[in-house]
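Participant: This is what each chain is made of:
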Amino acid sequence: MKKKIAMYWGAGCGGCDVSLLGIHEKLLDLLDDIEIVFWPCATDFKYEDLEKMPDKSIDVAFYNGAIRTEENEKIAKLLRKKAKVLVAYGSCASEGCVIGLANLYDKKQIFNVVYLQNETTKNEDKVLPKEHTNDLELPEFLPHLKTLEQVVKVDAVIPGCPPPRPVLEEALEALLQGKTNFGKEVALCDECPRKDSKPEKIEIERFYRWHEKEDNGDCFLAQGMICMGPATLAGCQGECISANIPCTGCMGPTPKVKDQGAAMLSAIASLLGDIDEEKEEEIMNSIRDMIGTFYKYRAAKLLPEGRLKDES
Amino acid sequence: MKVSIDPITRLEGHGKIEIFLDKDGNVEKAYMQVPELRGFEMFCRGRKAEDMPIITARICGVCPEAHHMAAAKALDAAFNVEPPETAKKLRELLYNAYIFYDHCLHLYYLGGIDVLLGDVSKEERNVIGLIKKFGVEIGKEVIKHRRYAMEIVKMLGGREIHPVSAIPGGVSKGINEEERGEILEKAKSCIEFGKKSMEIFKEVFNSKRWNELLGLDSLQTYYMGLVDKNNHVNYYDGDIRIVSPDGKEVAKIKPRDILNYIEEHVEEWSYVKFPYLKEIGWKGFVDGKDSGIYRVGPLARLNVADGMNTSQAMKEFEEFRKDGVVHETFGYYQARLIEMLNAAERMYDLANDNAITGSDIRNMPNEPGEGIGVIEAARGVLIHHYKLDDNGLVKEANMIVATTNNNAAINMSVANAARKVIKNGKVNDILLNKVESAFRCYDPCLACASHSLGDTPIVADIYWKGKLYKRLKKNV
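Quick note, the sequences are listed as chains V and D, same order. Just so you know, the first sequence maps onto residues 1 to 312 in our numbering. Just so you know, the second sequence maps onto residues 313 to 788 in our numbering.
Think of the hints as simulated: they come from the structure by calculation, not from any bench. Be careful, since some hints might not be right.
To give a feel for the contact side, a few chain D residues facing chain V, derived at Cβ under 7 Å [to be verified]:
1. TYR421
2. ARG471
3. ILE473
4. VAL476
5. ARG568
6. ASN572
7. SER623
All C-beta atoms in this analysis are idealised placements derived from N, C-alpha and C, irrespective of residue type, glycine included.
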């Protein structure tokens, strides 16, 4: 019997949906083994169709995107009910991704910036979107962004923004065989094309940003540029690094550590070695936007609403 | 009574359609709402400038190259640095590969299903249904050529989705002769596929059914798009040209001046704003010369341009525009096909240019300031505007995306199509899909449109006598 599969997007960019199409010819082969019962991006089944399905009738449901509105939350719960296995697909669902940075601000600030102070917006009557107008409704914009596991139980995670092809192909194969454990456990440095030049110690005056320094082809950390490789799960084969851009950490942490940013900071401390405190402070101060640097994809896990117990 | 289509499907992002019927069961009004918002303008503040091409790519995973490149161009301007010739060509090459695969996605996986399959049941209306009807060989061709273009994106940008290579002042990676050869081979094959696609769709364009689709909606709006120095369509760079509903140029401006020409209107029932031409003004959801509503995207680009920059696409352009400006909303499909062919030809031409393998690929940035970057996303004009502080951190960011530019027009097209197909209260899955097919012409990307705040889905509710009568989630 064909496995019944669903794919849904919460608050996301659609890149996860495209990544599923991005296994290209393999998708054709896969269609011999699966039946797609719900996938708004690519098929015409509606919420009503999903509601009608018996509980636990979907073999594997993939949820990509984060929980940003009432509606995202509702569908997450509905899919949990309808699916045997629920998978957090990609960075938004599992980590909150860059849009988790919105948790640094509250809803009022966000509305003000977008609808009132925005330079091109002409809004003399100060109209703001509302959940209920005369005859139309909008789902509530929740006070904070949440990850999928902050709302429902999640059985497996496919990391990445979006999941890189090799990671995804391995995960799909495992899931269709009924396994929920898959993927690597080591850090990106392990498979990095520049790993031969990774230093034990670095001697720098300050950290550089990649737009302000010529790249010499060595390990970015050896050049004094922040690369999230040591704190980031392997699997992408260093795609960004092969385009000469340091890793920004979209795969999330390795299973051994929960806090990717803290892991990176400790990697930096060990690279800097035993130097005097004043100098260390000066070097660390040269890192701009700590949250955007170390928690670019995980801010949702740092902030009160989304804070994980074991990360407090 | 109100009919809801929730969520609208075969598009990127969340949306719902609400259709209101009068006492006789005919359409009184209809809306397409976007129930989503993510807040990029807010949380981009405080980020490092060089992170913007990476962060804003996440506005949309269907068109990440568009945001990536618009961000890089805004940073070129903000750091007052001009990329070397090779870097510009590499960016444009990556960009044409993107236009090709994004159009391919729409034509064969999303909206194009409405055109190619016609009135079939919802179970059939998807790419699997398409493969069943047209055969697995066509399916394989589609998949292969999308893959080719995405592999070119990866070769130049590091990744198939969310590429990383565009940086202020240029690109981080060049190509060698071997890579160039591979691109030429793939581009050649893509050109043939572009021609084949034109043939496949033209069979429909020459059928009676096509006239019915063209008749669903036509809007006399202004049009906006980028043109090169010959007034030919260019996706990566150029001047912004605006033409009136009768096809006359009303403005041709530098991208940096665009914000003097447009304003955005807010409605309380949508998270997505409604831009319009400032000088003409917001007159509500009406078309015509006196309304500031404009359209962007393939149809708009071909309406503002005098031609295409490649030979085979030019021939198709001449046929398409032989009677002047095209206002039928389904004209977006033919325009999209012409652009897909053009993007393939342009990939070939750029890869054929000896400058493409040059090693001078970046210039170092100067002091940070303010910059605007404008680019043509597959679905239309995309604007990124940043103000940087002395440390090169973002003080303010504003993004006006393609689908937002089309927001007012999309709402009108949906309402017009609903009026045409829903009569005397008769509603079913096939008819509602016709209503949806009107918005799909625009290939809307509601993830893009909802970058500002939250999360918006599309449903269609039917209201009768002021009360919710039926919530139609697309299948009645």
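Participant: The structure should be examined with respect to each hint, and the outcome stated for every one.
Facilitator: Hints versus structure:
{"no.": "1", "hint": "TYR421", "result": "holds, 6 Å"}
{"no.": "2", "hint": "ARG471", "result": "holds, 5 Å"}
{"no.": "3", "hint": "ILE473", "result": "holds, 5 Å"}
{"no.": "4", "hint": "VAL476", "result": "holds, 4 Å"}
{"no.": "5", "hint": "ARG568", "result": "violated, 14 Å"}
{"no.": "6", "hint": "ASN572", "result": "violated, 10 Å"}
{"no.": "7", "hint": "SER623", "result": "violated, 30 Å"}
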